[in-house]
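2 protein chains.
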Amino acid sequence: MSDYKLIGSKSVYNGNVMDFWECDVELPDGKVAKWDLVHHSGGAAALPVDDDGNIILVRQYRLGVDRELLEIPAGKAEPGEDPLETVKREMEEEIGYVAGHIEKMMDFCPAPAYSQENTAVYLATELKKTRVNPDEDEFVTIERYSPDALKDMIRNGEIVDGKTISAVTAYLAIFFSRN
Amino acid sequence: MSDYKLIGSKSVYNGNVMDFWECDVELPDGKVAKWDLVHHSGGAAALPVDDDGNIILVRQYRLGVDRELLEIPAGKAEPGEDPLETVKREMEEEIGYVAGHIEKMMDFCPAPAYSQENTAVYLATELKKTRVNPDEDEFVTIERYSPDALKDMIRNGEIVDGKTISAVTAYLAIFFSRN
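Chains A and B supply the protein sequences, listed in that same order. For the first sequence, our numbering begins at 1469 and goes up steadily by one. For the second sequence, our numbering begins at 1469 and goes up steadily by one.
Isolated chain A, as found in the complex (with noise of 0.2 Å):
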């Protein structure tokens, strides 16, 4: 089963963001198939819990949707940064919040078949206020929501970010009970 070899790839499109590859893979038949490939340098999102116990979202357009989507705050890292300083970055820059306890919560890869990008997901507590510092290009809005109103918000399509989803989830279904 650990028989596939990459044997070959090559960029196809150097986009904005993300580059784009075809790959050559052998199959365990020996057979040579064409893949696409996502280059993607990864990123990382922080699942914020204020004093409340409320989950702290970003409100903002997201073009694969061509609408608004509700998400935790994300961002993609500089090249060689270590996710841990993207997620503080990102919660400063996008809600305006340093966090006194941060903890890696998993790794999410939201599409393995096709792309390398891992997003660090991490919880984050003992919230503080600093400012909000938006990128040049983002223009986002700050919502707050409990977990129940969020549970009921992903069976109802209104969340539907992946990486969301996942930190949400998470935090109810492992991080949660802890306590």
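Mixed in with the good hints there might be a few duds.
Since the list can't tell identical chains apart, any single copy or any two copies may satisfy a pair.
[Stated by the list, open to error] With a cut-off of at most 27 Å between alpha-carbon atoms, the simulated DSS-like pairs for lysine-lysine come out as follows:
no.	residue 1	residue 2
1	1597	1499
2	1499	1544
3	1556	1473
4	1597	1544
5	1619	1572
Just so you know, the hints here were simulated from the structure itself, not pulled from any lab data. Predicted model, so just to flag it, every value in this text is computed and none were measured.
Use these hints to put chain B onto chain A, whose structure you have.
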């Protein structure tokens, strides 16, 4: 905040299972930015829970991480296909089961910032064995784990696939407690 406008797009590369587009997006401040977009027809995934309460997963090679990953059964929709049909087909092809009960859990957009992909995620129970009928270029092994084991595997990085993390933890946080 809804002042983003997709004002133009062009295909820049036709891949084997998806296409890559470059889009012009007008930002709220009037500037125009070039954003990358993966065109993708979407798909469906199932969380198959057997009569003992164990979850059935498949282990298969994934190019994005260049190794095998443990994931719930899933697949790409044929053009115009209802995701419920997709998920029934993939369950039979990948794990060799039909479900007596199947219900929608959620829509999961793995990477809405740059991909149009939407995966409809279903809970599949009352499983009946048929046969494994894999696609020509799919070589998978089938494994079963308890929900508690899967929680540990998410925590320790053995499971990193986004739709799998979402389905398992949403099942535990939202669906399991209904019963």
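Practice problem: Tell me, please, which holds for residue 1597 and residue 1499 at an alpha-carbon limit of 27 Å: within, between, both or neither? | Solution: neither (56 Å within a copy, 30 Å between copies)
Self-check item: Within, between, both or neither: residue 1619, residue 1572 at alpha-carbon 27 Å
Solution: both (22 Å within a copy, 14 Å between copies)
Exercise. Can you give me the call for residue 1597 and residue 1544, within, between, both or neither, at a CA distance of at most 27 Å?
Key: Result: close within a single copy only, 22 Å intra versus 43 Å inter.
Practice problem: Could you place residue 1556 and residue 1473 in one of the four classes (within, between, both, neither) given a Cα distance threshold of 27 Å? | Solution: neither (37 Å within a copy, 30 Å between copies)
Practice problem: Using 27 Å as the alpha carbon limit, work out where residue 1499 and residue 1544 are close: within a copy, between copies, both or neither. | Solution: between (36 Å within a copy, 21 Å between copies)
Hint compliance for this structure: hints 1, 3 are broken, all remaining hints hold.
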